[in-house]
Every structure is written in structure tokens, then in C-alpha cells.
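Those letters in the sequence shown? Residues 1 to 159, per our numbering, in order.
Hints may contain errors.
What the hints assert, rightly or not - Pairs of lysine-lysine, PhoX-like flavour, derived with a Cα cap of 25 Å:
hint, residue 1, residue 2
1, K65, K5
2, K107, K62
3, K62, K22
4, K141, K62
5, K5, K22
6, K141, K111
7, K65, K55
8, K35, K111
I should point out that these hints are in silico values taken from the structure, not numbers from a laboratory.
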Amino acid sequence: MVDAKDIQHLTLFQGLAADELKAVTSIVSSEVYEKGQTVFEEGQCDCPCIYIVQKGRVDVAKRNKDGDFLTLSVLREESFFGEMSFLDGKPHSATITTATDAAVVLKIDRKDFDSFVLGHPQTGYKILFNIVHEIIHLVRKMNSQYIDLAGYMFGRTKR
């Protein structure tokens with residue numbers, strides 16, 4: 001079981017009161033992954049969970065047409081991943097492996113979260129709001145990067 005003081009600073013739990021944080025700890029588990037160990041693979045769908053990097057770093061990678069892994073991102077402490085499968089129950093869109101000697105990853109299973117929300121709807125709303133907020137931030141960043149890349153590749157045109 002995770003202690004409330006260990007999660008209070010995490011973006012996913014931003015805005016939660018002390019009693020809400022304490023309640024959330026009942027559905028948060030902690031796992032240690034050794035260097036290079038896979039947390040989950042692209043296409044896997046056995047655990048619609050959301051994961052939070054508590055210590056260390058993880059690589060987010062996808063396979064290309066040749067079957068080689070291409071690293072999309074390196075997530076550091078306090079970052080979360082698995083949110084798409086957590087929300088829609090579909091297979092993971094990337095493979096996650098540890099990038100450091102060892103990584104400590106917190107995990108919330110969707111089934112546990114759904115049960116938790118029945119007794120703590122306000123807290124569940126706050127957590128879901130934080131997930132959506134981070135997704136929006138990521139989409140805005142990707143949109144900006146896309147425009148920059150398109151401008152670089154094709155030149156800027158005025159209409």
C-alpha cells in the first residue's frame with residue numbers, strides 16, 4: 001500500500017484534500033521494474049490500468065514496419081501513462097520499458113477505480129479531470145510540434 005504523502009505532489013492527484021488522498025491510497029499499488037523490463041507491450045490489453053512513474057524513467061516505444069522499436073518519449077518521475085487504455089479499455093498503443101537501473105511505478109486498475117468512484121464520486125471526478133487536463137496539454141503540444149514540422153518541411157505559406 002502507498003502512503004498519501006508519497007502521492008500528494010503528483011499531477012494525477014492535484015487538488016485532492018488530505019482525506020481524499022488517504023482514500024485513494026487504497027487503490028494504488030506500487031511495483032518495481034528492473035532495467036529494461038517491460039511494463040506492458042503494444043497491443044496488450046490484459047490490464048486497463050493507469051501507471052505513474054514514482055522513481056526512475058520509462059521509455060515509450062512503438063514498432064515500425066520492420067519490427068524495430070522506435071522510442072517516442074522518455075517519461076520521468078511524476079509522469080503517467082496507460083491513460084488511453086485506462087479510459088477506453090482498448091489495447092495499449094505503445095510498449096513501455098524501464099530506462100533506468102530500476103523504476104518504481106504506481107498503478108491503478110480501472111476495475112478498482114470504478115469501485116472507488118461509487119463511494120467517492122467527487123474524488124473520482126477530480127482524478128479524471130486531471131487525466132483529461134494532461135491529455136489536452138499533450139494534444140496542444142503535439143499540434144504545435146506538427147505545425148512547426150509542417151512549416152519546416154513544406155515551407156510556410158500565407159493564404
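A quick look at each hint next to the structure:
no. : hint         : verdict
1   : K65 to K5    : 44 Å, violated
2   : K107 to K62  : 21 Å, holds
3   : K62 to K22   : 36 Å, violated
4   : K141 to K62  : 20 Å, holds
5   : K5 to K22    : 9 Å, holds
6   : K141 to K111 : 31 Å, violated
7   : K65 to K55   : 32 Å, violated
8   : K35 to K111  : 28 Å, violated
Consistency note: the structure conflicts with the earlier hints numbered 1, 3, 6, 7 and 8.
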